[in-house]
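A.B. asks: Protein sequences appear in the order of chains A and B.
Taking the working numbering as reference, the numbering of the first sequence is continuous, increasing by one, and the terminal residue is 158.
Taking the working numbering as reference, the numbering of the second sequence is continuous, increasing by one, and the terminal residue is 158.
Do not take every clue at face value.
Repeated chains share a single entry, so a pair holds when one copy, or any two copies, can fit it.
Unchecked claim - Below, computed lysine to any residue pairings styled on SDA-like, alpha-carbon distance capped at 25 Å:
| no. | residue 1 | residue 2 |
| --- | --- | --- |
| 1 | K117 | D82 |
| 2 | K123 | Q65 |
| 3 | K73 | R56 |
| 4 | K129 | V95 |
| 5 | K53 | S94 |
| 6 | K71 | Y101 |
| 7 | K53 | R97 |
| 8 | K71 | L118 |
If you're looking for bench data, these hints aren't it; they were derived computationally from the structure.
There are 2 protein chains.
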Amino acid sequence: MMLEKTTRLTYLFDFYQSLLTPKQKSYMSLYYLDDYSLGEIAEEYSVSRQAVYDNIKRTEAMLEQYEEKLLLFQKFQERQKIMTKLREFSAVMANHNQYEVLLQELEKLD
Amino acid sequence: MMLEKTTRLTYLFDFYQSLLTPKQKSYMSLYYLDDYSLGEIAEEYSVSRQAVYDNIKRTEAMLEQYEEKLLLFQKFQERQKIMTKLREFSAVMANHNQYEVLLQELEKLD
């Protein structure tokens with residue numbers, strides 16, 4: 049699997065797994081989180097490799113449809129960007145407070 | 049309708065309307081956003097008042113099920129609380145910057 053696609057689907061699975069059936073969840077979890085092959089999942093559930101493949105492909109399409117409608121992953125990424133900026137800002141503020149402490153020490157020396 | 053229930057369902061509709069059918073969306077929108085009565089919606093769509101009522105009740109149950117699974121409204125409320133605190137913090141910082149400007153003016157007078 050391509051790494052970028054895997055990462056995306058792992059995130060989509062994380063956001064929308066509560067909307068999937070138990071079987072869909074199991075197959076997706078084994079395939080994307082536990083790195084099972086299609087053949088290994090097929091053996092585990094005593095079904096054909098093709099059945100597992102079809103189920104996973106349908107689930108992937110469902111996850112993409114949910115994302116198209118609810119945009120939870122997209123909004124998560126946007127929030128992450130803002131969080132990064134807020135964290136940088138927070139670091140500046142921490143330095144600022146140190147600056148403040150030094151200023152106060154200077155004042156005491158008057 | 050009770051105000052609190054109306055507010056909650058208006059929010060749930062806002063978060064999950066993309067997952068509803070066009071008819072569900074129309075009925076909910078007229079009922080919750082445009083304050084139509086069940087009878088007025090029934091007349092508008094040439095259906096029985098009971099049909100509109102049943103459709104809206106089913107949609108409300110669906111919205112609550114989506115919320116149970118995805119918690120978008122709950123997380124929104126939690127984020128709002130944190131945003132309020134961040135805004136208060138931002139006001140303190142604005143004051144802090146003013147303090148800073150005054151300190152710099154003082155320094156210039158040395």
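A.B. asks: Please go over all the hints and tell whether each is borne out by the structure.
C.D. replies: Now for the hints, and whether the structure bears them out:
1. K117 <-> D82: Classified as between; 23 Å across copies, 28 Å inside a copy.
2. K123 <-> Q65: both (17 Å within a copy, 17 Å between copies)
3. K73 <-> R56: within (16 Å within a copy, 30 Å between copies)
4. K129 <-> V95: neither (43 Å within a copy, 49 Å between copies)
5. K53 <-> S94: Cα proximity of K53 and S94: none, with 27 Å in one copy and 48 Å across.
6. K71 <-> Y101: Within one copy, since 13 Å is at most 25 Å while 35 Å is not.
7. K53 <-> R97: Classified as within: same-chain Cα gap 21 Å, cross-chain 48 Å, threshold 25 Å.
8. K71 <-> L118: Answer is both; intra-copy 23 Å and inter-copy 19 Å each pass.
Going through the hint list in order, the structure does not satisfy hints 4 and 5.
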